Every structure is written in C-alpha cells, then in structure tokens.
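Novice: Below, each chain spelled out in residue letters.
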Amino acid sequence: MATPLPNVVKTLPTGFQAQIRGASLWDLVQIECLARKHRVVRVTTVGNVGYLYFDGGNIVHAATLDREGEIAAFEMLEWNQGTFESCDRAWPASPTITVSWQTLLLRAAQAKDEQGRGKIVSPMAPKSGPSSGDSGSWRAEDFEVAVRLGANGEVLASRGDAEEFANIAAYTARLAEILGDYMGLEGFRGLECTFKKGRCFLLKESDGNILAVKPSPQADVSLIKDRIGL
Amino acid sequence: MQTSIYPILSTLRDVDGVQGAFVLSEEGALIDLDMPSMFAPSLFNEIGPRIVRLRETFASGGDELDACTLRFDDFKLYVRAMPTGFLCTLSSVGVNMAALKMGVQLAQRRILSELGAPDAAPVSSPPSSLAPPNWSHGAYGPGSAPPPPSSSPPISKPGLTYRGRPVK
Numbered sequence: 002m003a004t005p006l007p008n009v010v011k012t013l014p015t016g017f018q019a020q021i022r023g024a025s026l027w028d029l030v031q032i033e034c035l036a037r038k039h040r041v042v043r044v045t046t047v048g049n050v051g052y053l054y055f056d057g058g059n060i061v062h063a064a065t066l067d068r069e070g071e072i073a074a075f076e077m078l079e080w081n082q083g084t085f086e087s088c089d090r091a092w093p094a095s096p097t098i099t100v101s102w103q104t105l106l107l108r109a110a111q112a113k114d115e116q117g118r119g120k121i122v123s124p125m126a127p128k129s130g131p132s133s134g135d136s137g138s139w140r141a142e143d144f145e146v147a148v149r150l151g152a153n154g155e156v157l158a159s160r161g162d163a164e165e166f167a168n169i170a171a172y173t174a175r176l177a178e179i180l181g182d183y184m185g186l187e188g189f190r191g192l193e194c195t196f197k198k199g200r201c202f203l204l205k206e207s208d209g210n211i212l213a214v215k216p217s218p219q220a221d222v223s224l225i226k227d228r229i230g231l
Numbered sequence: 005m006q007t008s009i010y011p012i013l014s015t016l017r018d019v020d021g022v023q024g025a026f027v028l029s030e031e032g033a034l035i036d037l038d039m040p041s042m043f044a045p046s047l048f049n050e051i052g053p054r055i056v057r058l059r060e061t062f063a064s065g066g067d068e069l070d071a072c073t074l075r076f077d078d079f080k081l082y083v084r085a086m087p088t089g090f091l092c093t094l095s096s097v098g099v100n101m102a103a104l105k106m107g108v109q110l111a112q113r114r115i116l117s118e119l120g121a122p123d124a125a126p127v128s129s130p131p132s133s134l135a136p137p138n139w140s141h142g143a144y145g146p147g148s149a150p151p152p153p154s155s156s157p158p159i160s161k162p163g164l165t166y167r168g169r170p171v172k
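Residue numbers (my numbering), protein chains in the order written: chain C, 2 to 231; chain Y, 5 to 172.
Everything labelled a hint here was simulated from the structure, so no lab data went into it. Predicted model only: the values in this text are computed from it and were never measured. Hints are not guaranteed to be accurate.
[As the list claims (entries may be wrong)] Below, in silico cross-link-like pairs of lysine-lysine (DSBU-like), each with a Cα-Cα straight-line distance of 30 angstroms or less:
1) Y:K105 / C:K226
2) C:K226 / C:K197
3) C:K198 / Y:K105
4) C:K198 / C:K226
5) C:K197 / Y:K105
[Claimed, not checked] Stretch by stretch, here's where chain C covers chain Y in the computed footprint (C-beta under 8 angstroms, at least three residues):
6) 27-35
7) 40-50
8) 60-67
9) 70-79
10) 102-111
[Stated by the list, open to error] From the derived model, a few chain C residues whose C-beta atoms are all more than 12 angstroms from chain Y:
11) L29
12) R37
13) V41
14) R43
15) N49
16) D56
17) D89
18) A91
19) P93
20) S101
21) T104
22) I169
23) T173
24) N210
All residues carry an ideal CB built from backbone N, CA and C; glycine is no exception.
All chains should be built: construct the whole structure from the sequences, respecting the hints.
Specialist: Quick look at the structure:
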C-alpha cells in the first residue's frame, strides 16, 4: 500500500516558493518588513553572500562576508543581481541595526550616492552605522584576509582565503587569553603579530567576537592599531 | 642565582614602563628572568609552551613570527621570536614601543651572543647607558610600591642545549 498522502502533506511548509526575475532586494525588504516576518534571508551574489535578519517589521541584523550591521545591509542593497531565499541561521545576541526599515533604505540610498567616491567602509568600522569619515575607511585592496569570529569560534564573516586564517586566529586568541590568565593580565584586547613577511592583527570586540585581519603591505593600519590600543 | 643573561634583561628597564622581561628557550623552558617577584619561575612552565605554540600556530599558516604584541587592559606583553628562543617583555600600556623594540633588539643580540648562537652578531661592551641598573625589580602594576628585590631562585636548565652545546 502506498504511504498515506495526508502525512506527506502535513510535512510540507506553508507558503509559496517563487522565482521572480527582476525583483530587487529593496522590494524584498519592504515586503518582509510590512509582513512583520521573523526570518533570515540569505542573499547570494557573485563572489559574496549575505544575510538579512527580519523581526517585528524591521531589519535587526545584517551580515556579509566581511561586514555587519547597517553597512552590511548597505552592501547587499548595492548588489544588482543574485538570488535570495529564507534560511535557518543563528540570531545575534542583540540587534546590530536599530533604525526602522524606512530609515535604513533612506540611508542606503544615501550611501549609494556616495559610492561613487570609490570608498568602502573598513571592516574595523563600528558594526552599526557607517564609518564616521575617511580615517575609518579602507579600500578592498587594503587587506588580504579578514575574518570575524564569534565567541565560540564560528565564522561570522570573512573575506579572502580565510578558512585557515580563521582557525589560526581562533587558536591564537585563546592562547593569548590563557597567557593573560597565567600572568594575571586581565582584559585581552588584541594583538599584533609581525612576520618575516607581513603582519596580522587580532581585535577582541566588545561583544566577544574576534576580528582578525591581514592587511596588505600598503595599508594604513593605524585605525586597527588604535582600536586595539597598540 | 642568575645567569649571565640577567643583566641583559635588566637593561630593558631603561625604557619607561617596562615591568620586567624573561627569556625562553626554543622549547619554551625558562632560561632567565628579571620579573617582579610575584612571577614565580614555576609559572613559566605554563607560559613558555604556550608562547612556543603561538609561533607554531602562525608557522602552520606559513608565517614566520618575528614579534607579537599582546594588549591587555593595563599591560602589554611583547614577545620577540629569536633564532633560539623568545625574549618577552612585560610593560605598562603607555610604554614607548619604538624605544622598547630598539632595546629588545640590542638585548637580543647580546643574549644570542651569551647563548653562543652561531648567527649572533658580535657584541661589544654595552655603553654605560645600557649597563645593568642597580635598582630593585619593578613593581607590577601602575602606582604600586616597588616590591623588595626579587630572590629569584636559580633557574636550573638541566639538559638545555643549543645545537648540541650546553647552554650556560
């Protein structure tokens, strides 16, 4: 006998799945926010992937490979092709975007206008809100690898060939914490390593995440050095 | 009893903010230290191997560690990877890093010479400004009173060798 159909039907999710050519993320944001959905949407474009977190009629968090917060949302809204779909993903402990979706879109439009200047915001910029100025701006060519790790070592965002670097950064951060514990040095904030060729930085952020960066040789590293306190 | 490296480490205190320094072998064993007395030599049984692993961690990714500055709330730990071990300096956060790096570079050359490292640069007698100061060990923490001179126990290094030669 065949398996009873009703049981199969019960397991199917409700709602439509759609493929709409020409739809934009701007439309998606408005639809999801007006529907007050609680969901994560994965947005994929060539060479990048990002996540938009919708809750209670607003976007409360956004993340791309190397950015978080509003700046990540701005980056995604710049993408002019790709796909999006809902997905299961861990939620942040606290929102990184606190403005309304209308304000967010207005700011995104403003950021788009400023995009012509050829600047992108540093991965070291504050998580919510754009960079405060040129001193906080890095160009894409300013770093070779960048990765942001959660408190448990999960990769929250990355850029470049970051898989091995993420492991190194996670273990190094742990070693630094242990060294501090043994020596009675409280409050590990970060480190700078110089190598025979190149250097890298680890910054422990206020929420416990670790930002690890390998800057390009020509990069101005004063910003991250200031943030670490080196 | 202190080794001949102790006076070299003491020169690093010429740099304002330096609280102390220690030298580790390539395997992470403590060779000598000029640290506040609260840092018992036995503590370095835990610290040494982890500093070695710090270098190994980056080496696994193809990066040869030259130096590492670890920033904590109130202190910095500056680790210089030498050809035959590590020279580590503990300082307050306000230390002049440029001066510290220069001091460490000079100290490293003399330490390598003392350890008989074949690739150590020849070292002449240090200028008087780098002579070991005649003062007690520094305090640990800003504003705290200097502790009494450390009665650091002799650092035994049984079997510690460098390229087949015993390290004194």
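Novice: Next, verify each hint and record whether it holds.
Specialist: A quick look at each hint next to the structure:
no. : hint            : verdict
1   : Y:K105 / C:K226 : 16 angstroms, holds
2   : C:K226 / C:K197 : 19 angstroms, holds
3   : C:K198 / Y:K105 : 18 angstroms, holds
4   : C:K198 / C:K226 : 18 angstroms, holds
5   : C:K197 / Y:K105 : 16 angstroms, holds
6   : 27-35           : violated (count 0)
7   : 40-50           : holds (count 4)
8   : 60-67           : holds (count 5)
9   : 70-79           : holds (count 10)
10  : 102-111         : violated (count 0)
11  : L29             : 38 angstroms, holds
12  : R37             : 43 angstroms, holds
13  : V41             : 32 angstroms, holds
14  : R43             : 29 angstroms, holds
15  : N49             : 24 angstroms, holds
16  : D56             : 35 angstroms, holds
17  : D89             : 31 angstroms, holds
18  : A91             : 26 angstroms, holds
19  : P93             : 25 angstroms, holds
20  : S101            : 37 angstroms, holds
21  : T104            : 36 angstroms, holds
22  : I169            : 5 angstroms, violated
23  : T173            : 5 angstroms, violated
24  : N210            : 16 angstroms, holds
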